[in-house]
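My request is simple: use the sequences and hints to build the entire structure.
There are 2 protein chains.
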Amino acid sequence: MASKQITDRAVNHVWKYPDAKLISLGIGDTTEPIPHVIASSMIDYVQALSTPEGYRGYGAEQGNKELRKAIAQKFYKDTGITDTEVFVSDGAQCDISRLQLLLGSNVTTAVQDPSFPAYTDSSVIIGQAGDFDDRNQKYRNIEYMSCGPQTHFFPDLSITPRTDIIFFCSPNNPTGHAASRVQLQQLVEFAHKNGSIIVYDSAYAVYITDDSPRSIFEIPGAKEVAIEISSFSKFAGFTGVRLGWTVVPKELRLSNGFPIINDFNRIVCTCFNGASRISQAGGLASLSSDGFKAARSRIDYYMANAKILLDAFASLGLKVYGGTNAPYVWVHFPGLSSWDVFNMILEKTHIITVPGSGFGPGGEEYMRISAFGNRKTIVEATRRLESLLP
Amino acid sequence: MASKQITDRAVNHVWKYPDAKLISLGIGDTTEPIPHVIASSMIDYVQALSTPEGYRGYGAEQGNKELRKAIAQKFYKDTGITDTEVFVSDGAQCDISRLQLLLGSNVTTAVQDPSFPAYTDSSVIIGQAGDFDDRNQKYRNIEYMSCGPQTHFFPDLSITPRTDIIFFCSPNNPTGHAASRVQLQQLVEFAHKNGSIIVYDSAYAVYITDDSPRSIFEIPGAKEVAIEISSFSKFAGFTGVRLGWTVVPKELRLSNGFPIINDFNRIVCTCFNGASRISQAGGLASLSSDGFKAARSRIDYYMANAKILLDAFASLGLKVYGGTNAPYVWVHFPGLSSWDVFNMILEKTHIITVPGSGFGPGGEEYMRISAFGNRKTIVEATRRLESLLP
Numbered sequence: 022m023a024s025k026q027i028t029d030r031a032v033n034h035v036w037k038y039p040d041a042k043l044i045s046l047g048i049g050d051t052t053e054p055i056p057h058v059i060a061s062s063m064i065d066y067v068q069a070l071s072t073p074e075g076y077r078g079y080g081a082e083q084g085n086k087e088l089r090k091a092i093a094q095k096f097y098k099d100t101g102i103t104d105t106e107v108f109v110s111d112g113a114q115c116d117i118s119r120l121q122l123l124l125g126s127n128v129t130t131a132v133q134d135p136s137f138p139a140y141t142d143s144s145v146i147i148g149q150a151g152d153f154d155d156r157n158q159k160y161r162n163i164e165y166m167s168c169g170p171q172t173h174f175f176p177d178l179s180i181t182p183r184t185d186i187i188f189f190c191s192p193n194n195p196t197g198h199a200a201s202r203v204q205l206q207q208l209v210e211f212a213h214k215n216g217s218i219i220v221y222d223s224a225y226a227v228y229i230t231d232d233s234p235r236s237i238f239e240i241p242g243a244k245e246v247a248i249e250i251s252s253f254s255k256f257a258g259f260t261g262v263r264l265g266w267t268v269v270p271k272e273l274r275l276s277n278g279f280p281i282i283n284d285f286n287r288i289v290c291t292c293f294n295g296a297s298r299i300s301q302a303g304g305l306a307s308l309s310s311d312g313f314k315a316a317r318s319r320i321d322y323y324m325a326n327a328k329i330l331l332d333a334f335a336s337l338g339l340k341v342y343g344g345t346n347a348p349y350v351w352v353h354f355p356g357l358s359s360w361d362v363f364n365m366i367l368e369k370t371h372i373i374t375v376p377g378s379g380f381g382p383g384g385e386e387y388m389r390i391s392a393f394g395n396r397k398t399i400v401e402a403t404r405r406l407e408s409l410l411p
Numbered sequence: 022m023a024s025k026q027i028t029d030r031a032v033n034h035v036w037k038y039p040d041a042k043l044i045s046l047g048i049g050d051t052t053e054p055i056p057h058v059i060a061s062s063m064i065d066y067v068q069a070l071s072t073p074e075g076y077r078g079y080g081a082e083q084g085n086k087e088l089r090k091a092i093a094q095k096f097y098k099d100t101g102i103t104d105t106e107v108f109v110s111d112g113a114q115c116d117i118s119r120l121q122l123l124l125g126s127n128v129t130t131a132v133q134d135p136s137f138p139a140y141t142d143s144s145v146i147i148g149q150a151g152d153f154d155d156r157n158q159k160y161r162n163i164e165y166m167s168c169g170p171q172t173h174f175f176p177d178l179s180i181t182p183r184t185d186i187i188f189f190c191s192p193n194n195p196t197g198h199a200a201s202r203v204q205l206q207q208l209v210e211f212a213h214k215n216g217s218i219i220v221y222d223s224a225y226a227v228y229i230t231d232d233s234p235r236s237i238f239e240i241p242g243a244k245e246v247a248i249e250i251s252s253f254s255k256f257a258g259f260t261g262v263r264l265g266w267t268v269v270p271k272e273l274r275l276s277n278g279f280p281i282i283n284d285f286n287r288i289v290c291t292c293f294n295g296a297s298r299i300s301q302a303g304g305l306a307s308l309s310s311d312g313f314k315a316a317r318s319r320i321d322y323y324m325a326n327a328k329i330l331l332d333a334f335a336s337l338g339l340k341v342y343g344g345t346n347a348p349y350v351w352v353h354f355p356g357l358s359s360w361d362v363f364n365m366i367l368e369k370t371h372i373i374t375v376p377g378s379g380f381g382p383g384g385e386e387y388m389r390i391s392a393f394g395n396r397k398t399i400v401e402a403t404r405r406l407e408s409l410l411p
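Sequence lines, in order, name chains D and R. Letter 291 of the first sequence, counting from 1, is numbered 312 in our numbering, and no numbers are missing. Letter 183 of the second sequence, counting from 1, is numbered 204 in our numbering, and no numbers are missing.
It is worth saying that the hints were derived from the structure and are not from the lab.
Identical chains blur together in the list; that is why a pair holds if it fits in one copy or across any two.
Quick list of in silico lysine-lysine cross-link-like pairs, DSS-like style, CA-CA up to 27 Å:
1) 25 with 90
2) 42 with 86
3) 25 with 86
4) 25 with 271
5) 42 with 25
6) 340 with 397
Okay, structure coming up:
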């Protein structure tokens, strides 16, 4: 629960320095307004809901057909993924838990180390994780695949044991690394060999600027071994609007031949009643030509922030990663505890960051710096960071 | 999956009678526009999201504080329930599944028979239910508490075995029966005696017209044994907007003294990222003085429909239940299979209903008639129903 600890320390800090203007480069939360073209489609939709002609009740649990089609068309164009394989959700984190319901407690699980805590946390809740081992800061039944700079932020698959499920996030939160095509080909091959299912989180795929794959389904053979979870949160500024999706290809089958899409459909119909129709109207607008352009301009804005932050930490003489394919900069503080660094940065600059150890033991010595923020705040943060110069 | 069968039969029917104007008294889905005062608050909220000053990202997983306070104030005023015990959700069905995640597979469960299928369906998914017994149409590990007219739609507790969990819906979907104060006192006492937890679904509480309790927490001692799930769906026409809530009192503890609210909070924070902020703005408006009045007028409208349908079925010489404290009329067709009655009504009147057996074996011989619909359609339906006269 790093986020709780961070909040507590921030509160104490404000108590100690009541005049300090705290800057948060902590939580990965969008800060810039929703583009007008997207907002106005939601306004029109609400307006219609208040008229006899425009009122709509329950929608399909799997989401509005038009939106499912637009997602398939926009993000999976040349992969052969169709709208019937796209399930609209109220966000990636919620769908991770629904997937865990599908998987149950009797599966073995691997996660990247470091990685977004939701995979591990939901594994704990469903009962896959086993006891927490204080000594090495790991759950005993979870396989932590080390993904540091020494292995190009990719697991050494030659020493990775087989698991039923492999959670894999690219671009990775927190390291900001987008897996290369070759890396993902190796991952898909590994899953085929072992009969594993990859749960691929592509929530930051729209931030990729180079030619790294935007979807696992760009890799031949992925449809037989992977589920992809994604989100409008960081794409359209929808963190508070709540909209995401999951792709379950019909080719993905259990060892007895049963299509997993049927099971997932059942979970969605039983445990979920569809995303808000208003949010779905906004999502659809964000995939229109104008909406997409407007959403992209926000992404460019955050990525310009990332460049500023990357340069600022690099100019301190620190080794920096990420920040070019994701809105996160991953900064190495060799030999230091990331909580000590958190405290030091907070004390010296009144800036909130996230200690890398909150993402797994492999994050120790690192800090995650979020590029979400208003430009003025980001620039002010870099000014303050200069005080860290030795 | 009665709903799938109903859809299939409706499609076949339209195929057979292409000119028939189908009327649905089937699915319990609101049909009347969202009141302007509620819609405009959502419009204002979306508008603000498109401005730098009004933009908001992630909200609290447990919901907006103001909304939690308004729910506590409006629905739990004299019960001592406070805002910190109210968790805002994206709907009752979703929270039922999150509760099942909390409960896990190793609990024993009882449901009313008949009852809303989500309790049983989610028990099956989490692994509590055991095999389905075709002979008596029951899951072997679920206790079906018979709730027919002979026991005033309440279980005979003297013959009900102890279970860990008791799902209880009042006003009941499908029977429309609102449990009386005395009945609920007995239920709470039964739960105390057995160390059971009542999961109380009050999604239709706003439809109660007599002095039946609107909340389980009106019953002394309920806070030690009950969780309440509720919804804005049928109150504010939010079936497509998605908003509900769950109350977990801090007095509710596991046998080891651990407060269940802490566990539920953890589930909400891990498996859910909060309801859409736009829906929450609408929910808050629906609890304002004007919003509540406007929402109530819709409820009165549906209840006037219910009266018309109740009278129509009664005038056919049939025994009718419900329809005065809930938007459902529960009609008895003694000796007949409810699927046969479904087919007969569809064939003779082009009206879709729901066979009672879809709500459990105790629903056999009954039909659920939904009062959601436009008045003109309801009146037309009653006209057609006259053709059922012998």
